[in-house]
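K.L.:
Heads up: the protein sequence lines correspond to chains A and B, in order. Be aware that the first sequence starts at 1, since it is given in my numbering, and climbs by one per residue. Be aware that the second sequence starts at 1, since it is given in my numbering, and climbs by one per residue.
Note that these hints are calculated values from the structure, not bench results. Some hints here could point you the wrong way.
In the DSS-like style, the derived pairs of lysine-lysine whose C-alpha atoms are separated by at most 30 Å in a straight line are [as the list claims (entries may be wrong)]: (1) B/LYS42 to A/LYS109; (2) A/LYS154 to A/LYS109; (3) B/LYS42 to A/LYS154; (4) B/LYS243 to B/LYS225; (5) B/LYS129 to B/LYS229; (6) B/LYS243 to B/LYS42.
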Amino acid sequence: MEKKRIIPRWLAGLLVASAVLWGQASPAQEEAASPLYRYKAYEASTGYYEAYETRPRHQRPLIGITGLREGVFPYSPTAASVRNRSRLGDSHRALSFYNRRTCESCHTKASENLHSIRGNLTCRQCHGGEPIASIHHYRSPLNPIRRHAYVCSKCHQGASASYGGYIIHEPNPALASTFRTFPVLAWAFWIMIGIAGGTFALFIPHTVLWAIRELFSRDKPSKPGSTP
Amino acid sequence: MSKRLYRFTPIQRLFHGLLVFTFLIQAASGLGRMYMETPWGKALCLVFGGYDGAGEIHRGTGLFMLGVFALHLVYLLFCIQWRQLPGCLMGPDSMVPHPRDLGHFLQHVGWFFGLCPEPSLDRWGYWEKFDYWAVFWGMVILGGSGLMLAYPIFASSFMPGWSLNVAFWVHRLEALLAMGHVFMIHFFIGHLRPRHFPMDRSIFQGSARLETMARERPAWLDRLKTDGKLGERLTDEVPLARKAIYMVFGYAAMAAGLYLLVGALLHATHITW
Numbered sequence: 001m002e003k004k005r006i007i008p009r010w011l012a013g014l015l016v017a018s019a020v021l022w023g024q025a026s027p028a029q030e031e032a033a034s035p036l037y038r039y040k041a042y043e044a045s046t047g048y049y050e051a052y053e054t055r056p057r058h059q060r061p062l063i064g065i066t067g068l069r070e071g072v073f074p075y076s077p078t079a080a081s082v083r084n085r086s087r088l089g090d091s092h093r094a095l096s097f098y099n100r101r102t103c104e105s106c107h108t109k110a111s112e113n114l115h116s117i118r119g120n121l122t123c124r125q126c127h128g129g130e131p132i133a134s135i136h137h138y139r140s141p142l143n144p145i146r147r148h149a150y151v152c153s154k155c156h157q158g159a160s161a162s163y164g165g166y167i168i169h170e171p172n173p174a175l176a177s178t179f180r181t182f183p184v185l186a187w188a189f190w191i192m193i194g195i196a197g198g199t200f201a202l203f204i205p206h207t208v209l210w211a212i213r214e215l216f217s218r219d220k221p222s223k224p225g226s227t228p
Numbered sequence: 001m002s003k004r005l006y007r008f009t010p011i012q013r014l015f016h017g018l019l020v021f022t023f024l025i026q027a028a029s030g031l032g033r034m035y036m037e038t039p040w041g042k043a044l045c046l047v048f049g050g051y052d053g054a055g056e057i058h059r060g061t062g063l064f065m066l067g068v069f070a071l072h073l074v075y076l077l078f079c080i081q082w083r084q085l086p087g088c089l090m091g092p093d094s095m096v097p098h099p100r101d102l103g104h105f106l107q108h109v110g111w112f113f114g115l116c117p118e119p120s121l122d123r124w125g126y127w128e129k130f131d132y133w134a135v136f137w138g139m140v141i142l143g144g145s146g147l148m149l150a151y152p153i154f155a156s157s158f159m160p161g162w163s164l165n166v167a168f169w170v171h172r173l174e175a176l177l178a179m180g181h182v183f184m185i186h187f188f189i190g191h192l193r194p195r196h197f198p199m200d201r202s203i204f205q206g207s208a209r210l211e212t213m214a215r216e217r218p219a220w221l222d223r224l225k226t227d228g229k230l231g232e233r234l235t236d237e238v239p240l241a242r243k244a245i246y247m248v249f250g251y252a253a254m255a256a257g258l259y260l261l262v263g264a265l266l267h268a269t270h271i272t273w
């Protein structure tokens, strides 16, 4: 009787020992250590964020977005740099004649984008009703921290924050100013233009000259039946 | 009846034919979307069922092309003579670029100006190698950026969203380069240059005119003769009906290409997006 129970006991002991020695199960570790894992858990939420999740920290009334420093001036020693009118709850506050004009008449360049031209979207489908918040206002639906959930995923199911990084109002890649505002795009554009231009500059004259030369070459008419 | 020299296997001709077909579909549906604001672009899209239909077909055909490209890579694995590596890759029967291609190019250009005799080419001319590898380059660039744009949500889980902006422009410019090259240079060399006029049927028919080969690629003929392989490569002209089919196919493709080229150039100032 005693001997028969010794094996299960050993097994149980082994199990306890291995659980202690080998530590926690790996998924839990991954969850604790991997920022990606935690980010995914966050992303899998409803997409609606509580105010405390998005409200800026103390003494930082404005959310600074590194890399987005167009036309900036220093705002305060502690805060990030801010952009003119890009932090307002109502970006058109105190603009005269705003009510009587269309978006396109003031923002001509902004209306030349893929979504407006090809997708037939109105500006308000993304920018929302009145008042139109500035992009970087901390409650703005288009603020990069919640743009994907509040706006993009209305139409693009499953849009992630990374997807929201797509530049809707894409600058013209051919312009010199794009080297400043979107350098990768400008470089990609001009490198591709260089490759295409180089190929054509080489092969078009080459082929034309070739054809001319063949017209003037005296090809011996071979005698029928002769093998070269 | 003049003899012809066997040059392309049926499987190579099939690959080329599929490429012709899918490339033209991609060109027409892509240009149609690009020129959607012009009547010309609208008409092109109409063939594919409108703006959205053209997009669907463009994506589907793109995937098909990538599949055929993958098959071609598998085919290459069977073509390589693994026992004789790496020598066989450098030989005259290989498409791999070789320093002597640069020499041929320079001598060819010299010949244009009457400075030196015409280069004695072997089986593949440098322009043929260029065209062949251009397809590889195009498949990687266009296929890569195209996959990103076709599956943007998936793509943006690996890379930032703004890379879609970049992919879009790379895709468009690479496509313009590919179409410009094929519709101007490739068609001209293959079909219209005086020696081949009205059309070089060799990639459709499999064999090339012996006289043209003797003039342009004497090194290849010499090599075949010394190896005693010339006889087995000589074939006869195909019947007139088959010849006509090849001609019609070739000219239809060229007409489509020229239509797209001229239309795109004429409407270039009206591109809105």
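K.L.:
Would you mind marking each hint as holding or not holding in the structure?
P.N.:
We went through each hint and held it up to the structure:
{"no.": "1", "hint": "B/LYS42 to A/LYS109", "result": "holds (25 Å)"}
{"no.": "2", "hint": "A/LYS154 to A/LYS109", "result": "holds (24 Å)"}
{"no.": "3", "hint": "B/LYS42 to A/LYS154", "result": "holds (28 Å)"}
{"no.": "4", "hint": "B/LYS243 to B/LYS225", "result": "holds (28 Å)"}
{"no.": "5", "hint": "B/LYS129 to B/LYS229", "result": "holds (23 Å)"}
{"no.": "6", "hint": "B/LYS243 to B/LYS42", "result": "violated (35 Å)"}
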